[in-house]
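Chemist: Every letter in the sequence shown is one number past the one before it in our numbering, and letter 155, counting from 1, is 155.
Derived by calculation from the structure, the hints in this document are not laboratory data.
Beta carbons are placed, not taken as given, at the ideal position from N, Cα and C, and that holds for glycine.
Check the hints yourself; a few may be wrong.
Derived DSBU-like pairs (lysine-lysine); straight-line CA-CA distance at most 30 Å [claimed, not checked]:
| # | residue 1 | residue 2 |
| --- | --- | --- |
| 1 | Lys-211 | Lys-59 |
| 2 | Lys-55 | Lys-243 |
| 3 | Lys-59 | Lys-49 |
| 4 | Lys-55 | Lys-241 |
| 5 | Lys-243 | Lys-284 |
| 6 | Lys-205 | Lys-221 |
| 7 | Lys-49 | Lys-221 |
| 8 | Lys-58 | Lys-241 |
| 9 | Lys-235 | Lys-55 |
| 10 | Lys-205 | Lys-235 |
| 11 | Lys-49 | Lys-235 |
| 12 | Lys-23 | Lys-283 |
Computed Cβ-Cβ distance ranges for the label pairs, DEER-style [stated by the list, open to error]:
| # | residue 1 | residue 2 | range |
| --- | --- | --- | --- |
| 13 | Phe-120 | Asp-30 | 30 to 36 Å |
| 14 | Asn-185 | Lys-55 | 32 to 38 Å |
| 15 | Leu-26 | Arg-224 | 36 to 42 Å |
| 16 | Ile-7 | Lys-212 | 34 to 40 Å |
| 17 | Ser-27 | Lys-212 | 43 to 49 Å |
| 18 | Lys-212 | His-28 | 45 to 51 Å |
| 19 | Asn-197 | Lys-59 | 26 to 32 Å |
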Amino acid sequence: MSACREIALLRELKHPNVISLQKVFLSHADRKVWLLFDYAEHDLWHIIKFHRASKANKKPVQLPRGMVKSLLYQILDGIHYLHANWVLHRDLKPANILVMGEGPERGRVKIADMGFARLFNSPLKPLADLDPVVVTFWYRAPELLLGARHYTKAIDIWAIGCIFAELLTSEPIFHCRQEDIKTSNPYHHDQLDRIFNVMGFPADKDWEDIKKMPEHSTLMKDFRRNTYTNCSLIKYMEKHKVKPDSKAFHLKNQQQQQGNNHTNGTGHPGNQDNSHTQGPPLKKVRVVPPTTTSGGLIMTSDYQRSNPHAAYPNPGPSTSQPQSSMGYSTTSQQPPQYSHQTHRY
1 MSACREIALL RELKHPNVIS LQKVFLSHAD RKVWLLFDYA EHDLWHIIKF
51 HRASKANKKP VQLPRGMVKS LLYQILDGIH YLHANWVLHR DLKPANILVM
101 GEGPERGRVK IADMGFARLF NSPLKPLADL DPVVVTFWYR APELLLGARH
151 YTKAIDIWAI GCIFAELLTS EPIFHCRQED IKTSNPYHHD QLDRIFNVMG
201 FPADKDWEDI KKMPEHSTLM KDFRRNTYTN CSLIKYMEKH KVKPDSKAFH
251 LKNQQQQQGN NHTNGTGHPG NQDNSHTQGP PLKKVRVVPP TTTSGGLIMT
301 SDYQRSNPHA AYPNPGPSTS QPQSSMGYST TSQQPPQYSH QTHRY
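Make a model of the complete structure from these sequences and hints.
Modeler: Written out as structure tokens, the structure reads:
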């Protein structure tokens with residue numbers, strides 16, 4: 001059923017920042033479905049991993065702020081399109097944000113993996129009844145961790161805020177050591193503890209509906225507000241060398257507050273304060289280092305410049321003879337730069 005829902009959505013969705021479904025293959029012998037997409041050379045998980053490793057090796061390579069700005073803009077543009085068409089993604093994380101490599105769409109961000117995506121305009125029953133646990137738990141909004149049966153597009157905005165922080169610091173902002181145990185109970189003590197250690201304990205005036213959450217009594221039993229008195233997003237970002245007076249910090253803070261619990265969260269880039277978005281962001285990231293007139297490099301992807309293959313194992317077939325995993329050659333239908341990757345159910 002998950003594959004059928006994903007196929008139905010992907011056939012309807014058409015946006016430059018949402019992955020396009022090329023073909024669907026059915027294997028009647030083993031009763032499996034294969035989905036064929038344009039091949040994306042990179043994803044944010046690998047890009048962030050490279051920069052995190054550079055910090056560990058004491059040779060830090062920062063993501064250029066212009067690149068972060070472009071990545072964030074494209075993610076927001078894609079998610080605004082989904083939300084405007086009543087689609088919740090429900091599994092936004094760096095691994096599901098692809099970046100196109102060589103070809104006409106080089107540098108284009110693609111939101112991928114719609115397996116958890118659902119329409120939310122008129123569900124027959126609460127979304128939580130259909131899927132009690134959604135979103136990879138480092139990117140899971142507090143209302144989901146507290147068992148909310150009704151939730152909104154704000155959960156996607158929270159996840160994007162987490163991704164934004166990760167782009168700025170190269171570290172998952174709400175990293176939790178405990179494994180995400182597959183259970184029907186959405187409450188996760190350690191994950192909530194991690195959020196409070198970064199953001200502080202939510203004040204009643206900031207989140208009036210917290211008392212209505214199914215797991216509110218468990219929350220109040222397990223946690224004490226004064227434990228997190230000295231915790232704040234400002235201190236966390238300062239620790240990672242992001243100044244609280246920077247535009248990046250203010251936009252991050254605005255996103256996290258907007259995505260925290262309010263029903264009016266939106267992914268539309270135009271809804272942010274203009275002071276955070278002065279100067280047009282690039283519609284596509286420059287993933288190959290272009291040279292300026294002065295001979296320098298602008299918005300360089302150092303993970304490509306240092307070794308284009310070291311950080312990224314090739315996840316797809318060769319561009320010289322692209323084939324789907326069902327054995328159908330695509331060379332006659334697409335030029336070489338449109339090699340494909342497949343996803344199996």
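Chemist: All hints are to be evaluated individually against the structure, with a verdict given for each.
Modeler: Hint check results:
| no. | hint | verdict |
| --- | --- | --- |
| 1 | Lys-211 - Lys-59 | 46 Å, violated |
| 2 | Lys-55 - Lys-243 | 18 Å, holds |
| 3 | Lys-59 - Lys-49 | 14 Å, holds |
| 4 | Lys-55 - Lys-241 | 13 Å, holds |
| 5 | Lys-243 - Lys-284 | 26 Å, holds |
| 6 | Lys-205 - Lys-221 | 20 Å, holds |
| 7 | Lys-49 - Lys-221 | 37 Å, violated |
| 8 | Lys-58 - Lys-241 | 15 Å, holds |
| 9 | Lys-235 - Lys-55 | 20 Å, holds |
| 10 | Lys-205 - Lys-235 | 22 Å, holds |
| 11 | Lys-49 - Lys-235 | 23 Å, holds |
| 12 | Lys-23 - Lys-283 | 27 Å, holds |
| 13 | Phe-120 - Asp-30: 30 to 36 Å | 34 Å, holds |
| 14 | Asn-185 - Lys-55: 32 to 38 Å | 35 Å, holds |
| 15 | Leu-26 - Arg-224: 36 to 42 Å | 55 Å, violated |
| 16 | Ile-7 - Lys-212: 34 to 40 Å | 36 Å, holds |
| 17 | Ser-27 - Lys-212: 43 to 49 Å | 47 Å, holds |
| 18 | Lys-212 - His-28: 45 to 51 Å | 49 Å, holds |
| 19 | Asn-197 - Lys-59: 26 to 32 Å | 29 Å, holds |
Violated hints for the displayed structure, listed by number in ascending order: 1, 7, 15.
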